[in-house]
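K.L.:
Each protein sequence line maps, in turn, to chains U and X. So the first sequence is residues 65 to 201, counted in this note's numbering. So the second sequence is residues 309 to 485, counted in this note's numbering.
Wrong hints could be hidden among the right ones.
Stated by the list, open to error - Heads up, simulated DSS-like pairs for lysine-lysine below, C-alpha to C-alpha not over 30 Å straight-line:
{"#": "1", "chain 1": "U", "residue 1": "K186", "chain 2": "X", "residue 2": "K348"}
{"#": "2", "chain 1": "U", "residue 1": "K182", "chain 2": "X", "residue 2": "K441"}
{"#": "3", "chain 1": "U", "residue 1": "K186", "chain 2": "X", "residue 2": "K478"}
As the list claims (entries may be wrong) - Heads up, incomplete: computed chain U residues facing chain X, CB under 10 Å, no partners named:
{"#": "4", "residue": "A95"}
{"#": "5", "residue": "L124"}
{"#": "6", "residue": "T125"}
It is worth saying that the hints were derived from the structure and are not from the lab. Only a predicted model underlies this, so the values are computations on that prediction, with no experimental measurement involved. For glycine and all other residues, C-beta sits at the position ideal for the given N, C-alpha and C.
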Amino acid sequence: MNSVLVSQINIGDTLPELSIDITPKLIVGAAIASRDYQNVHHDKDAAQALGSPDVFMNILTTNGLVGRYVTDWAGPGARLNKVAIRLGAPNYPGDTMVLSGQVKTVDADSARVELEVKGENKYGYHVTGKVVVALPT
Amino acid sequence: MSDELPDLTYYVGGNAGPYRDWDAVNAPMIRHWCEAMGDKNPIYTDAQAALEEGFPGVVAPPTMMQAWCMTGYSGQAAPGSTDADPMAVLPVLEAAGYPGVVAVNCEQEYERYLEEGDRIHFYSTIESISEEKATTLGTGFFVTQLCTFYDQRDEVVGTMRFRVFKYRPKASEEGQA
Numbered sequence: 065m066n067s068v069l070v071s072q073i074n075i076g077d078t079l080p081e082l083s084i085d086i087t088p089k090l091i092v093g094a095a096i097a098s099r100d101y102q103n104v105h106h107d108k109d110a111a112q113a114l115g116s117p118d119v120f121m122n123i124l125t126t127n128g129l130v131g132r133y134v135t136d137w138a139g140p141g142a143r144l145n146k147v148a149i150r151l152g153a154p155n156y157p158g159d160t161m162v163l164s165g166q167v168k169t170v171d172a173d174s175a176r177v178e179l180e181v182k183g184e185n186k187y188g189y190h191v192t193g194k195v196v197v198a199l200p201t
Numbered sequence: 309m310s311d312e313l314p315d316l317t318y319y320v321g322g323n324a325g326p327y328r329d330w331d332a333v334n335a336p337m338i339r340h341w342c343e344a345m346g347d348k349n350p351i352y353t354d355a356q357a358a359l360e361e362g363f364p365g366v367v368a369p370p371t372m373m374q375a376w377c378m379t380g381y382s383g384q385a386a387p388g389s390t391d392a393d394p395m396a397v398l399p400v401l402e403a404a405g406y407p408g409v410v411a412v413n414c415e416q417e418y419e420r421y422l423e424e425g426d427r428i429h430f431y432s433t434i435e436s437i438s439e440e441k442a443t444t445l446g447t448g449f450f451v452t453q454l455c456t457f458y459d460q461r462d463e464v465v466g467t468m469r470f471r472v473f474k475y476r477p478k479a480s481e482e483g484q485a
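Using the sequences plus the hints, can you model the full thing?
P.N.:
Shown next, in the form of structure tokens:
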């Protein structure tokens with residue numbers, strides 16, 4: 065696997081979009097992999113009793129997917145420094161989240177790149193945020 | 309009508325902890341995480357690939373930091389953890405008539421990648437509690453928690469700033485009007 069070098073990056077560059085099918089398997093499987101057993105992430109009846117139409121994705125999974133999205137693009141030489149997200153519309157089963165990203169700043173001295181990342185589903189933005197990643201020189 | 313609201317400044321600050329991990333950072337839990345997230349970054353699962361990137365062995369995805377200290381199936385904090393509720397203000401606000409809660413922000417910063425064998429714990433402080441705010445969800449308070457994660461040498465490995473909105477839903481406000 066090749067890594068993106070900081071010298072190859074320009075402000076305004078966009079990352080390839082990543083489309084993620086939101087399935088019960090993903091929501092439940094990733095909640096358990098992140099050791100989050102809150103019932104709204106695996107029990108539809110419990111989620112509905114609390115006013116949601118269905119189970120929904122937990123925050124650790126959103127973080128995990130955002131981190132994966134950036135290193136899918138940047139490669140194994142990248143080091144995540146920061147993942148700062150704002151949470152919006154929940155991810156429910158049957159939906160699709162499309163992740164997109166754009167380079168906002170490039171600091172050649174520290175080899176750090178700041179990205180704006182968004183994840184949109186049919187209700188709007190599930191996640192918007194900023195990721196800082198250090199790239200190989 | 310709002311119930312009597314206690315002095316919320318009492319709940320700002322503090323340093324609750326430690327909240328400990330159940331297991332040392334380990335390859336099987338990393339692999340389970342990567343399978344579920346669809347993360348194929350080889351430094352998380354292939355020791356040789358991690359070695360080529362300058363690590364002594366596989367490393368954990370940094371976004372997994374919080375997972376090591378989750379309570380898990382039992383709902384109990386790991387042995388050696390404090391019994392203190394890191395967000396003690398939330399049940400107080402609930403009792404005062406603000407039952408809704410929604411996570412708003414999660415900001416994680418990483419000092420280093422965690423390696424197999426690392427032992428993680430964190431301490432929690434409440435950075436701020438906002439004035440009462442009206443939003444589309446209802447009226448309530450933004451509560452900002454800062455968790456600082458340490459390793460077995462008590463060196464900081466990362467931080468997480470987590471903000472929730474604890475609110476009285478609009479519909480119930482109308483119902484009470």
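K.L.:
Now tell me if each hint is right for this structure.
P.N.:
Each hint, compared with the structure:
Of the supplied pair hints, the one linking K186(U) and K348(X) holds, its CA atoms being roughly 27 Å apart against a limit of 30 Å. For the hint pairing K182(U) with K441(X), the CA-to-CA distance comes to about 26 Å; that is within 30 Å, so the pair holds. With a C-alpha separation of about 24 Å, the suggested pairing of K186(U) with K478(X) holds against the 30 Å cut-off. For A95(U), the interface hint holds, the least distance from its beta-carbon to any beta-carbon of chain X being 9 Å, beneath 10 Å.
Here the hint on L124(U) is kept, as its CB sits about 6 Å from the closest CB of chain X, short of 10 Å. The restraint placing T125(U) at the interface with chain X holds, with a minimum CB-CB distance near 7 Å, inside the 10 Å limit.
The structure agrees with every numbered hint stated previously.
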